[in-house]
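So the sequences go chain by chain: D and S. Just so we're aligned, residue 1 is where the first sequence starts under my numbering, counting upward by one. Just so we're aligned, residue 286 is where the second sequence starts under my numbering, counting upward by one.
To be clear, the hints were calculated from the coordinates, so they are not data collected in a lab. These numbers come from a predicted model, not from an experiment. Treat the hints with care, since some could be wrong.
To be verified - With a cut-off of at most 20 Å between alpha-carbon atoms, the simulated SDA-like pairs for lysine to any residue come out as follows:
1. D:Lys68 <-> S:Thr558
2. S:Lys403 <-> D:Gln109
3. D:Lys104 <-> D:Pro122
4. D:Lys61 <-> S:Thr558
5. S:Lys697 <-> D:Pro122
6. S:Lys403 <-> D:Gln106
7. D:Lys120 <-> S:Glu693
8. S:Lys599 <-> D:Gln106
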Amino acid sequence: MSLEYNIVYKAENVYDNPVKEARWQFLIIPEENYNQKLEAITFKNSMEFPYEFSTNAYGFKTIRILAKAPFEAISFEASFKLLKETSNPFDFILPINQEDEYSKYQQLQFKVDHEPFLRKTPLTTLLEHHINFFEYQQDQFVFENLQALNKWVYEKIFYTPGATDVETTLDEMLEHRQGVCQDFAHLFCAISRKYGIPCRYVSGYLHQGNGYFGDSQMHAWTEAYIEDVGWVGFDPTNNLIANENHIKVAHGKDYSDCSPLKGILYSKGSNTTNHSVQVHGQQQQ
Amino acid sequence: MPKEDSTIFSSYQRDPSLFDEIYDKKGQVKEVYKTLFQLYGGHSIPDYMTLNEKARSSFFNQGITFQVYDDKQMQEKIFPFDLFPRIIDGKEWEIIEKGAIQRSRALNLFLWDIYHEKKILKQGVVPLELISSSENYLHQMMDVDPPGGIYNHISGTDIIKHNDGKYYVLEDNIRCPSGVSYVICNRTALKRALFGVFNHYETHTVTNYAENLLDLLESVKPHGADVPNTVVITPGMYNSAFYEHSYLAKTMGVELVEGRDLFVENDFVYMRTIKGPEKVDIIYRRIDDQFLDPLEFRADSSLGVPGLFSAYKKGNVTLANAPGTGVADDKAVYTYMPEIIKYYLDETPILNNVHTYHCSRPKELAYVLDHIHELVIKPVDEAGGYGISIGNRLTKKEIATVKKQIQEHPRKYVAQPIMSLSVHPTYIDETNSFEQRHVDLRTFTILGKDKDFVLKGGLTRVALKKGNLIVNSSQGGGSKDTWVLK
């Protein structure tokens, strides 16, 4: 069975002073993978500047625009039509022995292969006393531990839009235990990596039809690596295993690899940006 | 011939514990220096002062200046230049040249490996932690094939001669090593002041650097660029090495650009010119990785070119040196150079490495903490001689501070025995005479596709303060013309 999604991403930028030159890069196109099929893309901007497709360093598709005439405000609108296969996230066989499984994660070859997603980054670094709140259970499977971590992060942070911004560190956020989906994902990544389980930050869209947390912007969750299974998505903001409501765009080490909009301006003064996202889903046969 | 005691060398004092470059073991002036010694010895002190002034004005006239960071007043300085050249005979040079190429080739293979199969890490020859803790290990470069397979096109290898008479490498600089323009300007200045001395020696030229640089860069041009267009990109005129950037562009006959002069469209790089956009194929970049492309690295900087990395990843442009090369010039990686050379080339190192203690290893940390007074402590990731502590120059209080710093961040420090840099007669303004001063040598190596080049010469840096061992220009060092004999 599959779902058909219509996703609309909008951004509006207003500048204090006229901008003569600018360049934007959007990382907002849903990834094409085994259960996501992109059927159509449209992209427009109010200034009718030409745009092109490129890829970022991790191979995800980007849209780039080069401004060629002065302007003071600009808006962008992208829409995507996507087919998403529903799948059972629990559809795999657990290994036989917990200790054997965990010992694979300790091997040098494994650590070298997964180094990028085992690394501490400025956004996924925690003080020692914050890490120790969550305890890894060696007598349980990696998957079970990750489920426990998902729940633990979900209970640790109160979902509070506007409580943090992209520069807030995890330790600062944990002082008040208030955060948004990026904070949930970063905290999950930090702890998973600390215990040697490769984990990547995922950016995408959430279909909120079922009352999930997330606001009308892009969502963030994680993918952790389970030996003999592969990358499994965990959404700690909603204490869920990622499912047919999660539409992946990109992954990276943390938010800085995945920010949906990067702009380079050659202008003085400040600017304001507004984003909005709408996701409509419909069941297909 | 005039006796030396009637001349400028009359008051030259030799400290027997130091290795003096111009004397042999028996205390005689070495064969290669004899003629020069006699020629210079014929000058009186006032003659010499006039000549020195002449050389100095040559630098101002050529506009060769640099700026020192952290100076309260940002001001342009000239790099102090010493008229008495250093001479390296052909045989001795051959060892340096082969050793420098061996290191550059080994580092290039190491970089290819850690950005592809990672065999050296999987086999535990180089510890994973060393690489994964380095901010210069760029994940963006994973499985990217640089054009021609070259990462470290340009290397600056810092070499010293210890009091055992052997050469040792202190570090391999493979980010944006600078100084080559001074090598060429030192030669020009010496020729202007004392042209006659060159008649007595057969010295290799140093002015062929730019043509070789361009030739080797063009050998790693991107696929499909038949007549490649090369540019030099600079962070701008406020950079301490701006003079060098403009010098290299001028002598290669290519454009000097800043980030804003370039743009990327459909993953190709173009330069804005009055005749319209012109495609760029090879960029000799003198800006650091983190500033190369604000869309992929630091977003708060406009020094770079938005979209440059995706053009690079597609193979449409050559960047020299390749992004992510800096991971291999970390001082902690340096300490594994003998293993790296053995692993990739199955050779023994031609140039010695200084023995290094890793503070990240508990046993070695204990040794370092007990022997600070006889060691040099270096932070692993600082360039330009910043943050170095020399154990036997520290007060008790300073030793305690250094110990504390090491204990707090053991991974950040390595320690080495205090090497005794060789000394060379150097003209000292304050005393109007020649005195012994410590020197090192930076050599410049270029790697291309199936070819390489080492500049026959190099930058001999002089620590002008008496007894000082740090020769970096940012720490008040000077330099000498360096002759490699045919």
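For this session: Against the structure, test the hints numbered earlier, and report the numbers of the ones violated in rising order.
Result: 3, 4, 8
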